[in-house]
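Q: Chains A, B and C are the protein sequences, given in the same order. Under the numbering used here, the first residue of the first sequence is numbered 1, with each subsequent residue one higher. Under the numbering used here, the first residue of the second sequence is numbered 1, with each subsequent residue one higher. Under the numbering used here, the first residue of the third sequence is numbered 1, with each subsequent residue one higher.
Keep in mind the hints are simulated off the structure, nothing from the lab. Nothing false has been slipped in among the hints.
Reference excerpt, derived from the structure (chain C facing chain B, CB under 8 Å, subset only): (1) PRO92; (2) GLN97; (3) SER108; (4) PHE110; (5) CYS111; (6) MET112; (7) GLU117; (8) MET133; (9) ALA295; (10) PHE321.
With a straight-line cut-off of 25 Å between C-alpha atoms, the simulated DSS-like cross-links for lysine-lysine are: (11) C:LYS205 - C:LYS15; (12) B:LYS165 - C:LYS300; (13) B:LYS186 - C:LYS176; (14) B:LYS155 - C:LYS300; (15) C:LYS300 - C:LYS268; (16) A:LYS63 - B:LYS121.
Computed footprint of chain A on chain B, listed as stretches where at least three residues anywhere in the stretch have a Cβ under 8 Å from a Cβ of chain A: (17) 9-18; (18) 91-100.
The structure presented is a predicted model; accordingly, all values stated were derived computationally and were not measured. By construction, the Cβ of each residue, glycine as well, lies at the ideal position given by its N, Cα and C atoms.
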Amino acid sequence: MLANWKLKEVVLMSLLAVVFGIIYLVFLHIGNIWSSLIGPIAYEWIFGVWFLVSIVAMAIIRKPGAAVVPEVMAAAIEVMLGNAVGPRLILAGLVQGLGAEAAFAATRYRRFDLPVLIMAGVGASLFSFAYGYLLGGFSALSPWYVALMLGIRILSGAVIAGYGGSLIVNGLYATGSLRGYAIARQKRDVRV
Amino acid sequence: MSTWLHRLNPSIKMLVTFVFIFALAFYFDPWTPLFVFIAVLVVQLLFSRINWKRWALLMLPFSLGAVGYFWTTYVFGTSDDRLETALSLSFRVFAFSSLSLLFVLTTSPMQFIMSVMQQLKLSPKLAYSLLVGYQFLPVLKDEFIQIRQVQQLRKPQVQKSTLAKLRALPSVAIPLLAGAVRKAEKTAFAMEARGFTGTRDRTYFHEVRLERFDLYFSVVLIVIFTSCLVVGATL
Amino acid sequence: MAMRLHVKSVMYVSKWIEFHNVTFHYPDEDTPVLSDMSLTLSEGEKWLIKGPSGCGKSTLFFLLNGLYPEACDGEVDGTRLLFGKPYDEYRPGEISQSIATVFQDPDSQFCMPTVEEELAFTLENRSIPREEMDLQITRILEETGLTQFRTRVIQTLSGGEKQRVATACALLMNPKIVLLDEPLAHLDPLTAREYVAWFSDLQVKNGWTVLVIDHQDAIWESFFDYTLVLEETSMPPLKAKSAYAKEVKSQQDFRAEVRVPGILHEAKLEVTGGSITVLAGPNGAGKSTLLKALAGLIPKADREQSDETIGYVPQSPEFLFITPSVRQEVSFGGGLRTEEFLTKLLLEGVANSNPFAVSQGQKRRTAIAAMLNDGRPVLLLDEPTAGQDAFALHELEDALFQVAAEGTAVVVVTHDMNFAERIADSMLLLKDGVLSGPFHPANVFSDPSLLRTYRLVQPTGGARDVDVASSLESVH
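Next comes chain A alone, as it looks inside the complex (with noise of 0.2 Å):
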């Protein structure tokens, strides 16, 4: 998997995983301290941001693995930064980065449009949601608690992650700065 990526590939994930980590504390995070007294409902419609990375690097990288490698990266970073979540968030980066990628390999990695990314959106949540059932101790819970919240994130990972993270790739596509990745190939070859 490695060998064909190229540097240029495997650094940019790293900057997206980085950008996407800053949009996430700078953004929506910080002041909202409060918010965690709510309890483990209160981030639920905000989820999807978290899965924008695996998104948006795999829309443009196009190769196996660039949904679950860059979501591994964010976690490691904030552990670097000394985040107290950091450890549990590599877990948890893989999980979810692994449900994103599901999406993709279902499509044997030839298709990247609209319904696939809302897809990756909806797996990156399942996913993650599994994980969060376990580790949280969700069964402890009213199922209809649980499913509450599953369904809320069902819905965050599809708006935020799977429709938000098209409308950055086409944005960023428009751009030009695209050239040279994947993304760029592809689309200029169902132009031609």
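Use these hints to put chains B and C onto chain A, whose structure you have.
A: For chains B and C alone, kept in the frame of chain A given last:
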């Protein structure tokens, strides 16, 4: 003795942390996570030099989260003894966070990456890319703040709500990402121009080794935490 | 592609690099960026590579140091020989041991936290045993005079220091050939001169073959033996400043007093509407901070100013862009003169393009047009000249005169003293957070002690030295 945790090989430390975080997921009594939390505190007191003020500051958000967890489980729980489960889940938050802090506060970023590369055989391509990402973090954060500022200069309106921020996300993210793509390429080329090939065929300036000490000390930690699990389960 | 080689007809014993009829295509493009290029480099030669942005200068460097075609999946035709052996017969990473490259951007060529670790990275790549590393690091630091920086964190170094460290990292490989891609673009004039002197010394000691891409070749003085021009440029006609009609009706002076605790002392400034003020001073003096503070982007700044609607164009103009086309960018603020400003700032041709996809000069002019169209009476520009070729500088100059003709008060931060001399009505000088001025430009440039204090240099070559074709004749 007070440097042992800092000295412990980061890969080993990470694996020990992972194992016990996972193991704790299967306990729903309040005692086991509480014991583990206390054990972590004792271990840190004995084997590390920690700025406890910083530790408390880092724990604070998790304490609030634990409160959230407590009442959620208490109100929406299904088990026979809701109080017990609620306590268990909030202690679990404490145990997880303190275990994570035990790792994070005693491990330098460089040592961490170097060890994962040398002991867990992470590809140098990934490892050095991670270091690049880490170096760029403050730069990209500054850019992010600057982009938001100058965009507000053009479109002066206060965006307070999370939803409004989310809507404005693409217009802020795209300049930042376009810059990140360029930086990634430039940096990757600069690395390759200096002979970086991404293969394992290289030497290390920071050599991180596995020593007998790592074996002994990790066994000590495993014994301490396992006994918490065992005692908790028998109560 | 027009190409002129100024090679002395001297027989060299050793040809280090030979390119015969090399053509290169990027994978996403139909036209080749380099075509039918031939070039022979021999021991100890010093080459200046010139040409407008996008003519393939950097591409040529990547072909020379062997990163292309692999790194970008491009297509290369023709013969490339290094020390008589075809490029593709070298192992990955092997070529980089004889050809060192230093890049333009001091912030995008490091991957480690400290100077020492960054140097070690080069050694690790060459599989130098750990025991030898300290010795080699000490040696190169002494040779380059950087010993005091050994344990410094790279992010905390100045632009000039970073470029020297980057150079030291490259030299650690004991290269035979050194490529410098616009190493001076982000340095203040005196720092740039010092770098040139420092590098020249090293070159004499080591006898490298050197290729340098640079738009500001005057700073290099007599360093080069040869000049290679990739593609000629024809300059847009320049009008005298007086030829720009002034709309006196909207002219408005701008007065401000700002202070940024810890960075900028009480700075008082007054800029006449319709005039251009150049703000100059050494790297790290606080020039960017002053502009940001004036624009209201620094929350902790104390400021009092005659106007609050400030136009501001950051060093990366694309930070401002919110819409998918140049035209929409210009009209975004609701101004009614979109088409007029698109024409005046020479943006009609790209009006429908994505603002990120146009050239750096066009991006900046798009930002300027947007600010003008908003009717902002003050325009602040942060380093609009860095890394710009002569053509883009011409267009920028024209744009700034257009802006001033609108009655706008303009403040420009620049390190390019030739440019400053051409545009400035007055100058402000900043050092260590202390602002002085206004000065008359002629007084600044004729005062050696002022120049020294603010790390500036005299403009070279009179009013218009930007014409590539004419300056060529002076080189051999």
